[in-house]
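There are 2 protein chains.
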Amino acid sequence: MSMDFGYDVVTAEEYERQRLLYGPLADSVRKLIAAGLRTDVDEDTVRNAQASIEAVTEMLERRQRSANVMLHEVTGRPVVWSNPVIGLRNAIAPPMEIHHEDDGRCWSEFALGAAYEGPPGWVHGGICALVLDHILGEAASGGLTQPKFTGTITMRYLRGTPLGPLRAEALIDRTEGAKTYARGSLSDADGATVEAEGVFIVPAWARDAG
Amino acid sequence: MSMDFGYDVVTAEEYERQRLLYGPLADSVRKLIAAGLRTDVDEDTVRNAQASIEAVTEMLERRQRSANVMLHEVTGRPVVWSNPVIGLRNAIAPPMEIHHEDDGRCWSEFALGAAYEGPPGWVHGGICALVLDHILGEAASGGLTQPKFTGTITMRYLRGTPLGPLRAEALIDRTEGAKTYARGSLSDADGATVEAEGVFIVPAWARDAG
Numbered sequence: 001m002s003m004d005f006g007y008d009v010v011t012a013e014e015y016e017r018q019r020l021l022y023g024p025l026a027d028s029v030r031k032l033i034a035a036g037l038r039t040d041v042d043e044d045t046v047r048n049a050q051a052s053i054e055a056v057t058e059m060l061e062r063r064q065r066s067a068n069v070m071l072h073e074v075t076g077r078p079v080v081w082s083n084p085v086i087g088l089r090n091a092i093a094p095p096m097e098i099h100h101e102d103d104g105r106c107w108s109e110f111a112l113g114a115a116y117e118g119p120p121g122w123v124h125g126g127i128c129a130l131v132l133d134h135i136l137g138e139a140a141s142g143g144l145t146q147p148k149f150t151g152t153i154t155m156r157y158l159r160g161t162p163l164g165p166l167r168a169e170a171l172i173d174r175t176e177g178a179k180t181y182a183r184g185s186l187s188d189a190d191g192a193t194v195e196a197e198g199v200f201i202v203p204a205w206a207r208d209a210g
Numbered sequence: 001m002s003m004d005f006g007y008d009v010v011t012a013e014e015y016e017r018q019r020l021l022y023g024p025l026a027d028s029v030r031k032l033i034a035a036g037l038r039t040d041v042d043e044d045t046v047r048n049a050q051a052s053i054e055a056v057t058e059m060l061e062r063r064q065r066s067a068n069v070m071l072h073e074v075t076g077r078p079v080v081w082s083n084p085v086i087g088l089r090n091a092i093a094p095p096m097e098i099h100h101e102d103d104g105r106c107w108s109e110f111a112l113g114a115a116y117e118g119p120p121g122w123v124h125g126g127i128c129a130l131v132l133d134h135i136l137g138e139a140a141s142g143g144l145t146q147p148k149f150t151g152t153i154t155m156r157y158l159r160g161t162p163l164g165p166l167r168a169e170a171l172i173d174r175t176e177g178a179k180t181y182a183r184g185s186l187s188d189a190d191g192a193t194v195e196a197e198g199v200f201i202v203p204a205w206a207r208d209a210g
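Going down the list, the protein sequences come from chains Y and E. UniProt numbering puts the first residue of the first sequence at 1, with every later residue one more than the last. UniProt numbering puts the first residue of the second sequence at 1, with every later residue one more than the last.
If you're looking for bench data, these hints aren't it; they were derived computationally from the structure.
Intra- or inter-copy, both count: the list cannot distinguish identical chains.
Think about it this way: if two alpha-carbon atoms lie no more than 25 Å apart in a straight line, the pair counts; the simulated SDA-like pairs of lysine to any residue are:
{"id": "1", "residue 1": "Lys179", "residue 2": "Arg159"}
{"id": "2", "residue 1": "Lys179", "residue 2": "Arg77"}
{"id": "3", "residue 1": "Lys179", "residue 2": "Pro119"}
{"id": "4", "residue 1": "Lys31", "residue 2": "Gln18"}
{"id": "5", "residue 1": "Lys179", "residue 2": "Glu197"}
{"id": "6", "residue 1": "Lys179", "residue 2": "Trp122"}
The shape of chain Y in the complex, shown without the other chains:
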């Protein structure tokens, strides 16, 4: 299957330059999101903060890229820095860093803080689903090198997932024609909290092009 999605190739050196520039920028926005959640400073300070944020936004909007997906010249994988789960440049993303083993398994260790909270102290169930959908998709698509879309996915919540350090992992169970069956789990230090299984499908346009 072709990996050519029409992406620009980025050199290892340019990748590293951008990573060191934009990674800390998004990290600073992540800390701002957390600070804003529960701030209790006086009204004038809130309004001053808002005005400063709007001025920074205006600075960053002065020049924008048209799209943000590049193909890494060494790994051959898409660099999806705007992705809401793994995106280095997306402050919504924790971000998860996905590790790919030679046997196709994927895993990630990451932490979720107050911005991902549902019931007090616990990760929002939908955030567990977001993380698991992503990592099952990574396993099913060979690290996003193959076009695969989620067909169905089921989450089984075994118990609450606490805020803090977590681990997600996924693997391919089997492949039948255009369908890839993947499964995985989200865990804390005491074991699995949520299990997932899903069917990922090669879109018709990619099957026709095969």
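For chain Y, the structure is supplied; the task is to place chain E on it using the hints.
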């Protein structure tokens, strides 16, 4: 079933004061997230932006609330402003505004932009799951007035969900003892893109207390 989770009650007037103060603050952070995703300004400007963001964060961190869940004195519903789906104060949240009909149905119309993108032009499948898990939970729990946790949830992806204006809706299919079966969908202007069904469970501590 008791709605007493130990939350502070907020008056309608104080709710409105905080809504008008913190809503625009979080909106400004949402615009900053979007601006940071694809900015292509020079390195010095990026570093200046980062320094300004860190200064604002420090301002907002000077005084923080210990928790953020309040019970609205008029609606009797928890005010979950830090929630990652509906939270007025959480810049990760779109935020969805959930409408509750008298017959128990819930719906929300909202828009998802570039920060929620998976494949180019399409909403990340896990974001669809996040949104659907939340709205099914709203239906199952009577607008979060009853303690209910997701047991299992299945998403069926009918086609891609485009970025832009969307609608989510959910209802209770049936209740069997501690289990509430809910279903719903995410739609664009042409109809459903993702369907979901889930089982939501009253936790043992709430059953014992009943």
